[in-house]
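Protein chains: 2
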Amino acid sequence: MFKALVYVTLKESVLDPQGNAVKDSLHSLGFNEAADVRIGKYMELEIDLDDKSQAEQRVTEMCEKLLANTVIEDYRFELIEG
Amino acid sequence: MFKALVYVTLKESVLDPQGNAVKDSLHSLGFNEAADVRIGKYMELEIDLDDKSQAEQRVTEMCEKLLANTVIEDYRFELIEG
Chain L
1 MFKALVYVTL KESVLDPQGN AVKDSLHSLG FNEAADVRIG KYMELEIDLD
51 DKSQAEQRVT EMCEKLLANT VIEDYRFELI EG
Chain A
101 MFKALVYVTL KESVLDPQGN AVKDSLHSLG FNEAADVRIG KYMELEIDLD
151 DKSQAEQRVT EMCEKLLANT VIEDYRFELI EG
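Protein sequence lines, in the order shown, are assigned to chains L and A.
For the first sequence, the positions run 1 to 82 when the working numbering is used.
For the second sequence, the positions run 101 to 182 when the working numbering is used.
Just chain L, same shape as in the assembly (with noise of 0.2 Å):
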């Protein structure tokens, strides 16, 4: 059993327009100093396989085929064991 942390990110050249709504109510709230704000998604899944380099590369198809659009989102992972 496995816990995988799962960040995924717009790449960087992807504006992100969350991020800036965010960053203007931030500003409105008084903080001058959120210099810019990028928004992304976290995940935990419990992956039930012991082999962790197996369990490495159902979590990368995971990323590929579902979690992540690789058009124009990054993604890492990390894999905690228990």
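These are computed hints drawn from the structure, not numbers from a lab.
Do not take every clue at face value.
[As the list claims (entries may be wrong)] EDC-like, lysine to aspartate or glutamate: derived pairs with alpha carbons at most 16 Å apart: (1) K41/L to D116/A; (2) K141/A to E73/L; (3) K3/L to E133/A; (4) K23/L to D116/A; (5) K123/A to E61/L; (6) K165/A to D48/L; (7) K123/A to E44/L; (8) K123/A to D48/L; (9) K111/A to E44/L; (10) K41/L to E144/A; (11) K23/L to D148/A; (12) K103/A to E33/L; (13) K141/A to E33/L; (14) K11/L to E181/A; (15) K103/A to D36/L; (16) K11/L to E73/L; (17) K141/A to D48/L; (18) K152/A to E33/L; (19) K23/L to E161/A; (20) K65/L to E146/A; (21) K141/A to E44/L; (22) K23/L to E144/A; (23) K111/A to E161/A; (24) K41/L to E173/A; (25) K3/L to D136/A.
Following the hints, position chain A against chain L.
Quick look at chain A alone, frame taken from chain L:
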């Protein structure tokens, strides 16, 4: 200048219908080893401050006031210099 990496997750006791939908989609794609899925948010903020403890305090305030709904969500963050 700091980069704040902010993770916002639903509290353990809160149901996650989006996570369940992703889990069902993973199963229908053949990823039956995905036993549980929880979806959260991941944000990268550039913080234009030089003092780390001040930056920590301000990011905490941002999380409390805007970035997380502390009734149903937990947050944590890390600060990276530069």
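Comparing the hints with the structure gives:
1. K41/L to D116/A: holds, 14 Å
2. K141/A to E73/L: holds, 14 Å
3. K3/L to E133/A: holds, 11 Å
4. K23/L to D116/A: Distance ~26 Å between K23/L and D116/A Cα, so the pair is violated.
5. K123/A to E61/L: holds, 14 Å
6. K165/A to D48/L: violated, 37 Å
7. K123/A to E44/L: holds, 11 Å
8. K123/A to D48/L: holds, 13 Å
9. K111/A to E44/L: holds, 13 Å
10. K41/L to E144/A: Judged against 16 Å, a Cα distance of about 11 Å means the pair holds.
11. K23/L to D148/A: It holds: about 13 Å lies between the C-alpha atoms, which stays within 16 Å.
12. K103/A to E33/L: holds, 11 Å
13. K141/A to E33/L: violated, 21 Å
14. K11/L to E181/A: violated, 21 Å
15. K103/A to D36/L: holds, 9 Å
16. K11/L to E73/L: holds, 5 Å
17. K141/A to D48/L: Distance ~24 Å between K141/A and D48/L Cα, so the pair is violated.
18. K152/A to E33/L: Status holds; Cα separation ~13 Å.
19. K23/L to E161/A: With a Cα-Cα distance of about 14 Å, the restraint between K23/L and E161/A holds, given a limit of 16 Å.
20. K65/L to E146/A: Cα-Cα ~31 Å, so violated.
21. K141/A to E44/L: OK: K141/A and E44/L at ~11 Å, within 16 Å.
22. K23/L to E144/A: Within the cut-off at roughly 11 Å; holds.
23. K111/A to E161/A: violated, 19 Å
24. K41/L to E173/A: holds, 14 Å
25. K3/L to D136/A: holds, 9 Å
Comparing the model with each numbered hint stated earlier shows that hints 4, 6, 13, 14, 17, 20 and 23 do not hold.
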